[in-house]
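Could you put the whole structure together from the sequences, leaning on the hints where they help?
These protein sequence lines map, in sequence, to chains A and B.
Quick note: the first sequence uses this note's numbering, first residue 1, plus one each step.
Quick note: the second sequence uses this note's numbering, first residue 1001, plus one each step.
Read the hints as simulated data drawn from the structure, not as lab findings.
Using N, Cα and C, we set each Cβ at its ideal position, and we do this for glycine too.
Keep in mind that a hint or two might mislead.
Claimed, not checked - Quick look at which bits of chain A chain B covers, simulated, 3 or more residues with Cβ under 8 Å: (1) 158-169; (2) 185-192; (3) 254-261; (4) 300-312.
One-letter residues, chain by chain:
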Amino acid sequence: MGEPSVTATGGFMAEPEMAPPGQFMGEPSADGRFGEFGGMFVPETLVPACQELDRAFRSAWGDPGFRGELDRLLRDYAGRPSPMTECPNLSEELGVRILLKREDLNHTGSHKINNVLGQALLAQRMGKTSLVAETGAGQHGVATATAAALFGMDCVVHMGTVDIARQELNVFRMRLLGAEVRAAETGSRTLKDAVNEALRHWVAAADTTHYCLGSVMGPHPYPWMVREFQRVVGEEARRQCAEVLGGGVPEVVTAAVGGGSNAAGIFAGFANTSAELVGVEPAGGAAIGRAVPGIVHGSRSYLMQDEWGQVLEAESISAGLDYPGVGPEHSHLAATGRATYEQVTDAEVIEAFSLLSRTEGIICALECAHALAWVSRARADLAGRTVLLNLSGRGDKDVDQMMGILG
Amino acid sequence: MTGGTGPGGADGWGRLEAALRGRRRAGGKCLVPYLTGGLGDDWLETICAVAAAGADAIEIGVPFSDPVMDGTTIQEANDRALSEGATPQSILAAVSGAAADIGVPTAVMTYVNIAHHMGYERFASSLAAVGVSGCVLPDLPLEELGEWAGCADAAGVETVLLAAPTAPDERLPRICARSRGFVYGVGLMGITGVREELAAGATRTAARLKAVTDRPVLVGVGVSTPAQAAEVCEVADGAVVGSAIVTRMLEGAGPEGVAALVAEFRAALDAAHS
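Now the structure itself:
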């Protein structure tokens, strides 16, 4: 495979090595890989826990009883299916037909609940009594705390002190839900360091505790399992698009990418269609944009690092995307050319956040405003086309921060 | 290379394994202190002093930004060394110049991304070129070992593998067979750091390993005091001591202060097992 390169505009180009449809977003190889990415790079102390989880997930995912119970929870508790919304005003302003998959309307306000209900149900099936999680923006932490309350489990959420300061509301929510929020005070004190702390926590408590990882990252089986728990987003959207588009699929499917779980969920519904898949990273956290492979947090994937392999600190306006790595399957989708990954600046994100609020009356999370920022920038190229955008979360949590910026 | 063809040591073992086997054959217990490379101005003198104080081999930490296997002490040491400009290259260059003064075999302990980023082959040959005998990569388990182990074997670097208390019985012999230098029994389910007491599982893990291998079995993680080291060595062939020593380094004890602590560990092991 050729070395991927970044174009002057930040767009990702790779030597096309397209596998035929049907080969994307299926089961990883036996050693947990998507192409050359993924794996299980964890301390020996965690190997049995990862292997136990792999066995438990395979068994549960093939069990109609488990699937039925999860479907019931997603419907009755989380409020699925989430709607798909046409955006006439926004579409007119940009000259691009935009459909929004409304994950912001789920219980707890984002797509994170899909994964968390799946993992909590699995943890219960495995006999675990506690959940530990990391969180950046707090959405995954809130979702995990919610599921822990529902299932009667103990819950500890690790969160960087920088994020605790900028997401006070979510910290309070987690505590209200009965979770303990522990401050990660090392390194960049953001999501990366919260993951480190959650892994350290899990090493010492794996017999009773399930690590409820929030994105399609980490050691096998997490990238696969989390994508499968998020697949519901793509499958619903596929059906909803078929209704609206007369059986067709949108020409472009786009989503923001930090670790990449909301993108993986919606891409999974369209990976084997003609739709172009476009992930959007923050310019300050562009693991795929830089295209240098590395190994951290359990898997091999593109990773922002210095000349010696020290992991760099991501810098983004959005705490949820403030992560220097990316899920390994996204690296594979990028390397094979099945998906492309674009980068947008904080300034473009702020503009998109305001645009959606003003035109459609939807205040979205800063994370998914990244995807809209790219659509807005690329509108000349996208003119007349149909774009499905995963609106992964609502913006309540960001309003305070935006008030400081926009005044 | 299956144990026995390693370069450098007596009886065909690698230099690290030969030294530890030698101590065991003489009826003693092995002491392997861990020190963070690049921590303070005098870290290299500290390593030399620790060697002179009775270490059988020394683990030199190459700092990594995200040490998930390490507790707060070694995290702080990592962060401080990195902020003082330590790099894999600067540490290896310093070790290279001091190999004769250190006098005992050394092993580098770092995380896999450091080796991966440099390239496994280049990293392994860099270690060999500066006279480092072994390498510990705690986030590279058996399943992911192949590519690195091939490069390390080719360069004559002994890859030390960790064995966890929760490893099933069928797994331990495979770890022992693939490990070089020694087998690193993890003393507890958790991260590195000073503990009040030796975990009950530490000697049990050592016993399970001793039952399936002739390779030296050393226990580390949670071995914090000379008494704890002596206790685990009732079963194990030796102990790896990290956080207790790094704490002294962080406190600014200097080469003499750190070496004094290592001498206490040496004396405790000699007294209990001579």
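Self-check item: In rising order, the numbers of the hints this structure does not comply with
Solution: 1 and 3
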